[in-house]
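Undergrad: Sequences listed follow chains A, B and C, in order.
Note that the numbering used here has the first sequence beginning at 1, numbered continuously upward.
Note that the numbering used here has the second sequence beginning at 1, numbered continuously upward.
Note that the numbering used here has the third sequence beginning at 1, numbered continuously upward.
Hints may be right or wrong, so weigh each one.
[As the list claims (entries may be wrong)] Derived BS3-like pairs (lysine-lysine); straight-line CA-CA distance at most 30 Å:
id : chain 1 : residue 1 : chain 2 : residue 2
1  : C       : 125       : A       : 140
2  : C       : 52        : A       : 76
3  : C       : 162       : A       : 30
4  : C       : 162       : A       : 133
5  : A       : 32        : C       : 162
6  : A       : 132       : C       : 125
7  : B       : 315       : C       : 125
8  : A       : 133       : B       : 315
9  : A       : 132       : B       : 75
10 : A       : 171       : C       : 125
11 : A       : 209       : C       : 178
These aren't lab readings, by the way, just hints derived from the structure by calculation.
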Amino acid sequence: MKKLIAAALVAAASVGLVSAASAGTLDNVKAKGQLVCGANPGTAGFGVPDQKGNWTGLDVDYCRAIAAAIFNDPTKVKFVPLSSKDRFTALASGEVDVLIRNSTWTMSRETTLGIIWAGVNFYDGQGFMVNKKLNVKSAKELNGASICVQQGTTTELNLADFFRSNKMDYKVVTFGTSEEALKAYDSGRCDSYTTDRSGLAADRLSMAKPDDHIILPEVISKEPLGPVVRQGDDQWLNLVKWVHYALLTTEELGINSKNVDEKVKSEDPEVKRVLGTEGKFGESLGLSNAWVVQIVKGVGNYEELFERNVGPNTPLQLARSSNALWSKGGLQYAPPIR
Amino acid sequence: MSGQAELKFIRSHFSDPLPPPMRTSGIFHWARENLFSSVFNSVLTILILFGLYQVIPGMIDRLIITAVWTANSSKDCNAELLGHPVGVCWGFVNAHWGYFVFGQYPEHLRWRPELFFVLEALGLAWLLVPSIPRKDWAMIYFFIIFPIVAFFLLNGSETLGLTPVQTHFWGGFLVSIVIGTVGIVISVPVGILLALGRRSHMPVARSASVVMIEFIRGVPLITVLFMANVMFPLFVPEGWRPDPLLRVLVGVALFFSAYMAETVRGGLQAIPRGQYEAAQALGLSYWQMMVKIILPQALKIVIPGIVNNFIGLLKDTTLVAIVNIFDFLKVIEASLNNPVWRLSQRLATDHRH
Amino acid sequence: MSVGVEGRPSDSKVVFYNDPRIRSLFFQLLLLGLIVALFWFAYDNTVSNLRKRNIAQGFAFWDVEAGFDISQTLISYSAASSYGRAFWVGLLNTMLVSLVSIFFATILGVIIGILRLSRNWLVAKLAMVYVEIFRNVPLLLILYFWYRGVLGLLPEPRESIKLPADILLNTRGLLMPKPIFGDAFIYPLIAFVSTVILGAVLFWWARRVQARTGNRPNAGLFSTSMIIGLPLIVFFLSGSPLSFDVPVQGRFNASGGMTLPPEFVSLVIGLTTYTAAFIAENVRAGIVAISKGQTEASQALGLSHGQTIRLVIMPQALRVIVPLLNSEYLSLTKNSSLGVSIGYPDLVNVFTGTVLNQTGQAVEMVSVTMLVYLTLSLLTSAFMNWFNRRVALVER
């Protein structure tokens, strides 16, 4: 018996089920040779694995961008599927290095959960989906409706606020995962299903009859979604933050995965700084100076990520709107790399 | 003497034959005895037969006759597109079989979990079929050799030339069986220790065992799983990152050890006191007495209990789906969400546009 | 390490490390040390981990506004209530679903257990098939079956199935008229309570007479008609102080009345059908354990079949059944936590789910939840032990 436990422990330790490390997250990631990324297992366009375990989505590509910046190899990511219920616990407990899973940035989450947002990779807002045949045109008409919602999200709180502030009555039905909530709505358990509008667009696709459902015009909340890291490791926070800004800056400068090799030769001082031919910006993050080149070659710039995963040519058909660059009337703004 | 002749009576014709006795064999007797023994029973029987007649032909029709056996997407099972009624879509199961059994375990490496299943079946047969000899070797094989082999087989190891496969690729039936196996392999020895502790005369050992057993038996498995999932990572130093599957395995093993301890305790209590006394009279030490005299007898008695625990354990492995482990139930759910199998309606409408 | 060797007088010639008392003391100290070290290790790591990750500790959250709604609440609750209130809502929901399921599971289990022993072959086999299916399928699957497979197929609110007495059945659950009690309802209530007390006194008197004379005065009919009749008369005299709030089809779903949500219904049906299979086996075991001679003896005494079961078999069988039922009730209570998988707002769903997620305080939530279940288990055990003592054979 004792031999068995000892053998199991030795075996487990030797193969790395239990990996001990005390250094910062970046050193830890480098030592393991891969980034562990908390991902959404069920929202098309943001994070969803197929049968073979290939993940696709905007959030998932952000994980790959970070891996590309560190290892010059976007495939060195291990995706851990997390439900909205246990995502922050998983991040805080160190199970994942970074959480990129449509997580809304709020004050109380940063002050009490021991986590911190590195930026906003998607500006979203909460909306409602209803069946066309109910003939509802506005969320204000939902008085008395049953509403399916996923547990442990800001969605749940916004929903309560919306009905409270409009003095309307509703019946909430709460589920552990968004798939369960959606399935219940699809089977007629609720009159309406609510989540972030990007999520609604994605979820509509996986319904039995997507064309029977419409998304109501009201946006009842601000939902800045972005990558999250643990507090207390500023080097790692900086890295994730600047990977996000690099994706935006490259779009702004017109650098993409196709022309990056030419752009490296550019004489434009700003491009030179960004692509690491001038200055030591990568090294100051603990990366190589060609970090942005690695990111863009590995996954592309923000525009490519957006178009590939959620843009007008994808089933989600989302417009850039607030997610356009600041110069094009959107909210996406990156501080200068200099 | 003459009176004798007068008393004589000779029957001149046969009396009417009695009716034959009720048949005590054959189908009619059986039916009369078991189905129509009273008016109430007869009515009940007829009602049930009528109910079965209503249900069974429809089931056969849906399960076999109109069922679709091979399909590449839900379009192949769509009654509207096919133009005839469709029963169960077995094609869906057919197409996902590998996924159901192995999850995302790489296809070219699936001989490893297959070998694991075979090794496990051999071990279980050796342990449980009474006519196969050398149960002591069977114990050594199943509780020591097999787990180590299985670990390297499934997880892989660079030094042995087996490509490592991380646990997040494991899924489906494989994960259910792994959880069940680890549960049984850990919970039997730990359960025995706890049971011995509970019957020990040392107050510390006894109270520690009692508290642990009663605490775990008093809470639902799902809270133990939650504890393993969210609290266990906090109990260990920062930087250790217990694998999600490992955490669940710890929770399951802990939980079933407590139940196993109670089963084993039943066996220990059934051993007559004379056995203990005889062993002590022979001068055996505590562990000699337990290993050589008591446990072999006690464990033999509780084999049915252990098998029951194992079945319960296998059923309860479905709960790990709630903490996001891709077990058998979860992979079926996941494959139902697969767009190819859900989007068919939309694709159909797209053609119309 | 000293089964049965305690009583041996310590021999001065034995070396100290062979002295059983010293050895026992040594091993116990070792074990105690190990346990303390393990707990200290976990505690120390938890504290330092929580501090490093800046996660709040303690129960300050208890009075903080929860901000979310719960679909089924037995006590008044709104998004403005506190997390502590949400805890009580979850706990009461757990207790409600457990009690209701225990009630139905016992009835169904006893019926099926008796049917398994039926002389009708088909009935016995059907009961056996039922028991084997429900005992060997995971409960989670059974819950999914009822929730998605059966109740999910009910019609939408507009096409509700209309049952008699204004009861509606649709995907939103079972909608029933809600009784509204007027102030004067107290009078028929008083009448009812007093007639029940009177009936009980009559019953007791009848037994006394039977014990003395052997003949039982037939008080049953009189008390029954009195218990039903008098409150009814008082009810109408006091002006029928009872009205019903009937569910009316609204824009989305019928409003008004009482609703049994499908999550609750399927959890109750799931727990009932699952646990009934186990209870049926216990009941069968209990009945089979009574020797056939008991039946034959009671028949020889001229008792009818019903009397035999009621007066002879069951009281004896209960002694076997009750301890077994105890553990079934305990596991039912614990199994009710699976309601989380179908969205029933029980303790695990509300507290270990939503509240844990909003506050991030895993240690507090999981510990409190575990303690609650432990307490519920101990309470159920205590009650069943008390009941067991009552039905147990009184040995003189």
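Undergrad: Next step is simple, just say for each hint if it's right about the structure.
TA: Hint by hint, here is what the structure shows:
no., hint, verdict
1, 125(C) <-> 140(A), "57 Å, violated"
2, 52(C) <-> 76(A), "28 Å, holds"
3, 162(C) <-> 30(A), "65 Å, violated"
4, 162(C) <-> 133(A), "22 Å, holds"
5, 32(A) <-> 162(C), "63 Å, violated"
6, 132(A) <-> 125(C), "49 Å, violated"
7, 315(B) <-> 125(C), "24 Å, holds"
8, 133(A) <-> 315(B), "42 Å, violated"
9, 132(A) <-> 75(B), "24 Å, holds"
10, 171(A) <-> 125(C), "44 Å, violated"
11, 209(A) <-> 178(C), "36 Å, violated"
The structure fails hints 1, 3, 5, 6, 8, 10, 11 (numbered hints given earlier, in ascending order).
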